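Taking my numbering, the leading residue of the sequence shown gets 1, the next gets one more, and so forth.
Incorrect hints may have been included.
Said to hold, decoys possible - The calculated lysine to any residue pairs, modelled on SDA-like cross-linking and capped at a C-alpha distance of 25 Å, are:
id	residue 1	residue 2
1	Lys230	Asp156
2	Lys230	Lys78
3	Lys237	Asp147
4	Lys237	Asp156
5	Lys78	Ile125
6	Lys186	Gly216
7	Lys186	Arg251
8	Lys194	Leu118
9	Lys194	Gly205
10	Lys186	Leu118
11	Lys78	Leu140
12	Lys186	Glu213
13	Lys230	Val245
14	Lys78	Gln109
15	Lys194	Ser243
16	Lys119	His181
17	Lys119	Glu213
18	Lys119	Ser243
19	Lys186	Phe207
20	Lys186	Pro219
To be verified - Computed beta-carbon distance windows for the label pairs:
id	residue 1	residue 2	range
21	Pro83	Val34	15 to 25 Å
22	Gln109	Arg70	44 to 54 Å
23	Cys58	Ile182	34 to 44 Å
24	Gln109	Leu204	28 to 38 Å
25	Ser56	Leu204	35 to 45 Å
26	Pro175	Pro83	17 to 27 Å
27	His57	Gln192	37 to 47 Å
28	Ser142	Gln114	10 to 20 Å
29	Asn195	Ser68	53 to 63 Å
30	Glu77	Thr164	14 to 24 Å
31	Asn203	Pro31	42 to 52 Å
Don't read these hints as lab results, they were simulated from the structure.
These numbers were taken from a predicted model, which means no experiment stands behind them.
All C-beta atoms in this analysis are idealised placements derived from N, C-alpha and C, irrespective of residue type, glycine included.
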Amino acid sequence: MMAAMLVTVTLLLCVLGGQALDLLKASSGVPPPVPRVHCWCSSFPNVTLCSWPEPSHCPPTHYVATYSERHGQPITEKCLIIPPSHNSSSPTSSSSSSSSSSSSSSSSQQWHCQLPNLKLLTDYIINITAVHSGGSSSYLSSFMLEDIVKPDPPVDVQVSSQNTRSLQVQWSPPPTWTNLHIFPLKYQIMYQWKNRGIASSVNLGPFESTQVELKGLSPAREYLFQVCAKELLDLGKCSNWSSSVNITLPRTKP
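With these hints in hand, go ahead and build the complete structure from the sequences.
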């Protein structure tokens, strides 16, 4: 039994280095909550982030974040961990893409780790371990890069009236999607309005261009527009909706 424990300790020290010492020093007690981890690729194929919220009412907690290929070489890589205090300078606009995450904490309360240079058609395992004086707990999951693609939202959405019944909507691709010429995007438009107090909405698309003319609208009615972006071949999910733009069609021809 003692020999087995020595082998385990040696393996931990080889794989995690100094961080393993913190795991071994953790005293018995109430362990931290299991991190609620959300991973996404905001610029296919080489910008992948994972995030999890800062736990509340916990002793000071730090994290060990690693990933490896499920069926590849038995090599465990470390994620670059970004604490909440540094998130203002990191690409985290999609960190709230999980609605459950965004409703409970803002991006400033999120931990992040970067997973660089992931490969296509490869199954990865990620392990996020939370450690504090009461013990440790781990989140373990697998994913393929193609399944977690989620661009950041389109930007610079603009809406202008053409006449009393039509509008021109245009926007720009998310600036974080850096390989647009190799991996094009397509877009969906959602617009909403109220008629006698009853809310209605329409989802249109996909569109491969970054502008569209909408016809058959109602004069003097206020509309709200948002746009989302998705990889052209349907990898992953559509982005969060862009910031909304409101416009009221004129009663008479402009």
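**Prompt:** So does glutamate 77 sit 14 to 24 Å from threonine 164, Cβ to Cβ?
**Reply:** Check failed, 59 Å falls outside 14 to 24 Å.
**lysine 194 paired with leucine 118 [C-alpha distance capped at 25 Å]** = Violated. Lysine 194 to leucine 118 sits at ~45 Å, over the 25 Å cutoff.
**Asked** If you check the beta carbons of histidine 57 and glutamine 192, does the distance land in 37 to 47 Å?
**Response** 38 Å, holds
**Message:** Just to be sure I understand the hint, the distance between the Cβ atoms of glutamine 109 and arginine 70 should be within 44 to 54 Å; is that true here?
**Reply:** 31 Å, violated
**Prompt:** Taking only the CA atoms, is the gap from lysine 186 to leucine 118 under or equal to 25 Å?
**Reply:** 23 Å, holds
**Message:** Range first: 35 to 45 Å. Now tell me if the beta carbons of serine 56 and leucine 204 are that far apart.
**Reply:** 41 Å, holds
**Asked** For the pair supplied as a hint, lysine 78 and isoleucine 125, is the alpha-carbon distance within the 25 Å limit?
**Response** OK: lysine 78 and isoleucine 125 at ~12 Å, within 25 Å.
**Request:** Evaluate the given range 15 to 25 Å for the C-beta pair formed by proline 83 and valine 34.
**Result:** 19 Å, holds
**Message:** With the threshold set at 25 Å, check whether the alpha-carbon distance from lysine 237 to aspartate 156 stays at or below it.
**Reply:** Judged against 25 Å, a Cα distance of about 21 Å means the pair holds.
**Message:** Tell me if the straight-line CA distance from lysine 237 to aspartate 147 falls inside 25 Å.
**Reply:** 8 Å, holds
**34 to 44 Å as the expected CB spacing between isoleucine 182 and cysteine 58, which holds or is violated** = Hint holds: Cβ distance 43 Å, inside 34 to 44 Å.
**Message:** Checking one constraint from the list: CA of lysine 78 to CA of glutamine 109, max 25 Å. Satisfied?
**Reply:** Between lysine 78 and glutamine 109 the Cα gap is close to 22 Å, so the pair holds against 25 Å.
Hint check: violations occur at hints 2, 7, 8, 17, 18, 20, 22, 30; the rest are consistent with the structure.
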